[in-house]
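J.: Respectively, the protein sequence lines represent chains A and B.
Under this note's numbering, the letters of the first sequence match residues 1 to 106, in that order.
Under this note's numbering, the letters of the second sequence match residues 1001 to 1120, in that order.
Because the hints were derived from the structure by calculation, they are not lab data.
From the three backbone atoms N, C-alpha and C, an ideal C-beta is built for every residue, glycine too.
Incorrect hints may have been included.
Straight-line C-alpha distance at most 30 Å; calculated DSS-like pairs for lysine-lysine [what the hints assert, rightly or not]:
hint	chain 1	residue 1	chain 2	residue 2
1	A	K50	B	K1065
2	B	K1043	A	K106
3	A	K50	A	K39
4	A	K106	B	K1076
5	B	K1043	A	K39
6	A	K42	B	K1076
7	A	K39	A	K106
8	A	K102	A	K39
Here are the in silico distance ranges between beta carbons for each label pair [to be verified]:
hint	chain 1	residue 1	chain 2	residue 2	range
9	A	S92	B	R1087	39 to 45 Å
10	B	N1084	A	K106	43 to 49 Å
11	B	S1007	A	G57	25 to 31 Å
12	A	K102	B	G1026	28 to 34 Å
13	B	G1015	A	P8	37 to 43 Å
14	A	T5	B	S1017	33 to 39 Å
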Amino acid sequence: DIQMTQSPSTLSASVGDRVTITCRASQSISSWLAWYQQKPGKAPNLLIYKASSLESGVPSRFSGSGSGTEFTLTITSLQPDDFATYYCQQYSNYWTFGQGTKVEIK
Amino acid sequence: EVQLLESGGDLVQPGGSLRLSCAGTGFTFSNYAMSWVRQAPGKGLEWVSAISGSGGNTYYADSVKGRFTISRDNSKNTLYMQMNSLRAEDTAVYYCAKARYSYGYQFDYWGQGTLVTVSS
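This is chain A alone, in the form it adopts within the complex:
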């Protein structure tokens, strides 16, 4: 089974900050990686697929990068609507989510 590990688990930031979340896979997954945003009481929302492709309708301040085993999600200029929990997901071999990164207000 492929394990996904995100860091940090919690991130405190202010509006306007640049935020980076890291996701590591236990084995190479090429670019078979997605990022989701989830707000309390809501379903997850797809942000990024194929490691760096922006889902339609997602603001351009979100970007993804990486391949193989190490990936990052970057939010440039954090907005009030971006305080949420973010999950990476591999889909190279079935599907596995990271444990999540909560972005909270500093």
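Keeping the supplied structure of chain A fixed, place chain B upon it in accordance with the hints.
T.: Then chain B, alone, in the frame of chain A:
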């Protein structure tokens, strides 16, 4: 507009059974693989099961294999999850998700979730 609406969540005793449903509208249901993902209270997301568009191929997480059965009725645009031998650790919000193929399968639309509570 794509919509997924889950139903069937309930309070059930350990060892009991439950069937979840997910009705899909706004897309050609039979053309898409579908999946169930769950989230225990205060925890992260866990993939549970998936099924191909035709229903001919099914996939399960080890944690539910042999206890849960995924199926679909494309004539009714509905996805199902039959859950047997339920355990306390199966307590979670269960989401159905539409799987889009674009360099692999991502989950591009999700339902609002249905809560399953396993407790005596």
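J.: Evaluate each hint against the coordinates.
T.: Outcome of the hint check:
With a C-alpha separation of about 28 Å, the suggested pair A:K50 and B:K1065 falls inside the 30 Å cut-off, and the hint holds. Of the pairs offered as hints, the one joining B:K1043 and A:K106 holds, with about 22 Å between alpha carbons and a cut-off of 30 Å not exceeded. A threshold of 30 Å between alpha carbons decides the hint, and for A:K50 with A:K39 the separation of about 22 Å falls inside it, so the pair holds. The hinted pair formed by A:K106 and B:K1076 fails the criterion: a straight-line CA distance of about 48 Å is larger than 30 Å.
Among the hinted pairs, B:K1043 with A:K39 is consistent with the structure: their alpha-carbon atoms are about 13 Å apart, no more than 30 Å. For the hint pairing A:K42 with B:K1076, the CA-to-CA distance comes to about 26 Å; that is within 30 Å, so the pair holds. Using a Cα cut-off of 30 Å, the hinted pair A:K39 and A:K106 holds, with the two alpha carbons roughly 17 Å apart. With a CA separation close to 10 Å, the supplied pair A:K102 and A:K39 stays within the 30 Å bound.
The hint said 39 to 45 Å for the Cβ distance between A:S92 and B:R1087, and at roughly 29 Å that hint is violated. Take B:N1084 and A:K106: their Cβ atoms lie about 46 Å apart, and the range 43 to 49 Å holds. Checked against the hint of 25 to 31 Å, the pair B:S1007 and A:G57 passes, with Cβ atoms roughly 27 Å apart. Between A:K102 and B:G1026 the beta carbon distance is about 31 Å. The supplied range of 28 to 34 Å therefore holds.
Taking 37 to 43 Å as the suggested C-beta distance range, the pair B:G1015 and A:P8 conforms, at roughly 39 Å. In this structure, A:T5 and B:S1017 meet the distance hint of 33 to 39 Å, their C-beta atoms being roughly 35 Å apart.
Of the hints listed earlier, those the structure fails to meet are numbers 4, 9, in rising order.
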